[in-house]
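K.L.:
Residue strings, one per chain:
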Amino acid sequence: MITREQKSTALPGQSLPTGRRTKKGSVLKHLLKNKVLLLMLLPGVVFLLINNYLPMFGIIIAFKNINYVDGILGSPWVGLDNFKFLFATEDAWIITRNTVLYNFVFIILNLVIAVSIAIALNELKNKLAAKFYQSIMFFPYFLSMVVVSYLVFAFLNVEYGFINKGVFALFGLDELNWYSEPKYWPFILPLINLWKGVGYGCVIYLAAIIGIDNEYYEAALIDGASKWKQIKHITVPLIRPVIIITTILAIGGIFRSDFGLFYQTTLNSGALYPTTLVIDTYVYNALINMGNLGMSAAAGLYQSIVGFFLVLGSNWIVRKVDKDQAVF
Amino acid sequence: MTTNEISRTANLILNIIFILLAIACILPIVLVFMISITDYDYIVLNGYQFLPEKFSLEAYAYIFKDYAVIVKAYGVSIFVTVVGTLLSVFISSLYAYPISRTDFKYRGVFAFLIFFTMLFGGGLVPWYMVYTQVLDLKNTVWALIVPMLLSPFNVLIMKTYFQMSVPPALIEASKIDGAGELRTFFRIVFPLSLPVFATIGLFNTLHYWNDWFNSMIFITDTSLYSLQYLMYKMISQADYLSRNGALIQGSATEIAKLPGETIRMAMALIGIGPIVLAYPFFQRYFIKGLTLGSIKG
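So the sequences go chain by chain: A and B.
Following the working numbering, the numbering of the first sequence begins with 53 at its first residue and continues without gaps.
Following the working numbering, the numbering of the second sequence begins with 5 at its first residue and continues without gaps.
Among these hints, one or two may not hold up.
[To be verified] Cβ-Cβ distance ranges computed for the label pairs, FRET-style:
hint	chain 1	residue 1	chain 2	residue 2	range
1	B	167	A	87	19 to 25 Å
2	A	130	B	24	56 to 62 Å
3	A	289	B	112	34 to 40 Å
4	A	128	B	109	43 to 49 Å
5	B	224	A	219	37 to 43 Å
6	B	21	A	321	33 to 39 Å
7	B	282	A	128	51 to 57 Å
8	B	109	A	289	39 to 45 Å
9	A	117	B	24	55 to 61 Å
10	B	227	A	152	37 to 43 Å
11	B	225	A	125	27 to 33 Å
12	B	21	A	239	19 to 25 Å
13	A	229	B	68	31 to 37 Å
[Unchecked claim] Within a straight-line C-alpha distance of at most 30 Å, the following computed BS3-like cross-link-like pairs (lysine-lysine) qualify:
hint	chain 1	residue 1	chain 2	residue 2
14	B	69	B	58
15	A	177	B	292
16	B	292	A	279
17	A	179	A	279
18	A	284	A	183
19	A	179	A	281
20	A	177	A	279
21	B	237	A	235
22	A	284	A	372
23	B	292	A	179
24	B	237	B	76
25	B	237	A	217
26	A	372	A	281
27	A	372	B	109
28	B	109	A	85
29	B	292	A	372
30	A	177	A	284
31	A	81	B	109
32	A	87	B	179
33	B	292	A	284
34	A	235	A	217
35	A	375	B	109
36	B	109	A	87
37	B	58	B	237
38	B	142	B	237
39	B	58	A	217
40	A	284	A	375
If you are wondering where the hints come from, they were derived from the structure by calculation, not from laboratory data.
Yeah, the Cβ is synthetic: ideal placement off N, Cα and C, and Gly gets one too.
The shape of chain A in the complex, shown without the other chains (with noise of 0.2 Å):
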């Protein structure tokens, strides 16, 4: 109060500087106000400046010729060389076209059988025979990828893999190396996935079909719906939204994929790749094994950027179907 009375008695010419000084008090006595809610957010922010600010500024790497003599900042730029080098071989493609076409298949068949499990989940009778059911298509969940990798393993190993000497010595058929043949790895993939993801998915559609309303249900029995009926107009209508967004939401993703499932169960194995190698391994690869810093810099690079125009494109497809669920 008394700080804006004194700048109306001074001169114009000096109101500009004073205004100025104002407005920083005025920021600073915020500040003051709310220096603890500031300082419960500091160590959160130390995390993202240094865990994720920082490295943007790492994206050079993809410009420049790294050599350890120079460091980062001293090593010469080659402009687009490192892209050009990794668009002009097969990989590019390879890995682009692993990476989308996994993820389209996980996200259409996680989604569909997800809802078919969840829905006659539903239905069930016994709701303890239900519960019972849900906990144990969700134990998957739980598991880390290397276990997984061990279960896979246990499965299709060469020599005493269950498949080639339970399933496969049973039938008369030849064995399978199943590690250096990638023929069969764009089945094996999903499945994995889907074994492992199908009971978290199913928790999500169970809430939002437990969420509609009976009376619809009452009123559709009346009419003398089927129960295929009223699956098909009344629990697929009414969880559509949830379908939508999270389907929306994994094609935002579909640039990026499950590290994890791609590097341990195929056990990195280098004859697999030209089915199994998506953007994330390939980076990982071309940096640990190969030590090319500027290939996987900028195979990094493009992942990232392709990557925020689909979550920029499938938020703005959200927003347009329903503004709340939008995330930004």
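Assemble the complex: chain A is given as a structure, and chain B must be docked to it using the hints.
P.N.:
Chain B alone, transformed into the frame defined by chain A:
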């Protein structure tokens, strides 16, 4: 009057389908268990079987004979999980609370700061270099804890929960009574939000316990191997067992007839260990947490 229940036949068919699905979900673990207690020579002859004719606890005997490596890895995993979970729940809630407060002027700025990280990142290479060159955390236990401290998704869930379960009037009243922000947070907000603290705590416990990626890129020192990473090493290197002198100390002939396959599978079961025991408890809260998240979307 007809009820809206499915017919007895349909119910029976659905139950059969679900029983089959449930079996499919646990069958791989049963197989691994059976392998771990099968006689090694039997496996060499017949492969992995669900119902082997010859049992043996040799694999477990080997593991427990030289338990030092596993005990060490268990220790690393437990330390990382406990410290990591406590720290991350603490930091996440401290971040989520201010941005849930509608009377906090800068909530938009800080909300943007964290949610932008969901949109864009520098990629693995620069991120790796920050941890190895700037922070110099390579081969320290902190490299297993720090990278997973704060997830935007968890902050989003907590923020939503605070907004739903703690009425602003209550915070106002607490302030009028003379409580500071911290006192309000710990005495009013925290007790009212226990379910979300439990949910996020369990999410984090699972993430820390199951993590192997950070070990894979940051750890070369064998004394800092986590349990999951030790298991990864055992499956990724076919000859790991025969090369690892620390795990098995014996003559060359003994190593040659080491029941490698059964030891591996016994390790997998030991690795699942505590999660299985905690599972029923975990599950209840997870379902609550997921339902909570799905209501918002």
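K.L.:
Which of the numbered hints are not met once you compare them with the structure shown?
P.N.:
No numbers; nothing is violated.
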